[in-house]
Amino acid sequence: MKTYLTVAALAAGLGLLGAPAQAQTKLKWAHVYETSEPFHTESVWAADEFKKRTNGKYEITVYPASQLGKETDINQGLTLGTVDIIISGSSFAARAYPPIGVTYYPFTFRNPEHLLAYTKTDIFKEMAKGYQEKSGHQIVAVSYYGTRHTTSNKPIKACADMKGLKIRVPDVPAYLAMPRACGANTAPIAFAEVYLALQNGTVEAQENPLTTIEAKKFYEVQKHIVLTGHIVDHLNTVVAKQLWDKLSPEDRKIFTDVAQEAAERTTKKIQADEVKLVQLFKDKGLTVTEIDKADFLANVQKNVTFEQFGYRKADWDRIQAIK
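Start counting the sequence shown at 1; every next residue gets the next number (our numbering).
Simulated from the structure, these hints should not be mistaken for lab results. Mixed in with the good hints, there may be bad ones.
What the hints assert, rightly or not - Okay, derived cross-link-like pairs now, DSS-like style, lysine-lysine, Cα gap no bigger than 25 Å in a straight line:
#: 1; residue 1: 157; residue 2: 268
#: 2; residue 1: 163; residue 2: 223
#: 3; residue 1: 284; residue 2: 134
#: 4; residue 1: 70; residue 2: 217
#: 5; residue 1: 269; residue 2: 284
#: 6; residue 1: 268; residue 2: 246
#: 7; residue 1: 223; residue 2: 282
#: 8; residue 1: 293; residue 2: 129
#: 9; residue 1: 125; residue 2: 284
#: 10; residue 1: 157; residue 2: 276
#: 11; residue 1: 157; residue 2: 134
#: 12; residue 1: 323; residue 2: 269
Could you put together the complete structure from these sequences and hints?
The structure is reproduced here in structure tokens:
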């Protein structure tokens, strides 16, 4: 009895009796990017911050590099309940709410600053609300993904130079717009398989931001970097409806604050990396080429309507007016 009382007293003194442990919610955060990229490293940072700022209430595991499926799969996973948080582009959100994809109409944004200014406007809030109403899911942050350029095994300066070119483009209508307007033959090869497809000649070209071209080592199997700059791209951090609905107002604020901080950190790293990469590719022996953007835009506007994607020209005009 004496021994029991001593142990019980010690336990009570340490707070081990009468203090039930807080239940921990385990969550899955998924994306398709490499572990070396800021989209992953900052997701891991955010997961740790969520845990700290909620006193351990949430344990988030980040699954990179398509571990939980391709981008289409993880978007579907939000609804199916197989994933709780994702990083994904508005081109995929547009499958639920087409107008939000207007930002992917070629040459919509002048530069990254124009894109970031857009994310602080009423039109962006309207787009995010429209997506939430259609899908139930909540966009809590936006990060700059990079300006999409083209790599190729043949030189490209004008739109006509792309005629007949076999180019890998994601199976997203707006991504296909510029290459098809210029007469290219597009192939929707899975992201994880692009390097091999370029290496074995299944396709001759692809398009992605400079940071992705470097991270996936596409420069090893291509001869030309063509600075088309046709889409100034971004990624949304999206929280699934079933998770968002369970969060208290306090936890919603924490999730939003941390996600936005992570997005800002990502954006700064991507912008800094892009500045260095043009010279890096030149040093590796690739030819870096500027294009006549007016020529490309004229062909896009001639061949591609907003309405065919479910976009609204009025929204595009409002974005163009942002200073």
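Here is how each hint holds up against the structure:
1. 157 <-> 268: 30 Å, violated
2. 163 <-> 223: Judged against 25 Å, a Cα distance of about 18 Å means the pair holds.
3. 284 <-> 134: Roughly 46 Å between the alpha carbons, so the hint for residue 284 and residue 134 is violated.
4. 70 <-> 217: At roughly 19 Å apart (the allowed maximum being 25 Å), residue 217 and residue 70 satisfy the hint.
5. 269 <-> 284: Cα-Cα ~22 Å, so holds.
6. 268 <-> 246: 32 Å, violated
7. 223 <-> 282: 10 Å, holds
8. 293 <-> 129: 33 Å, violated
9. 125 <-> 284: 42 Å, violated
10. 157 <-> 276: Distance of about 22 Å is within 25 Å: holds.
11. 157 <-> 134: 41 Å, violated
12. 323 <-> 269: 23 Å, holds
Hints 1, 3, 6, 8, 9, 11, counting from the list given before, are not met by this structure.
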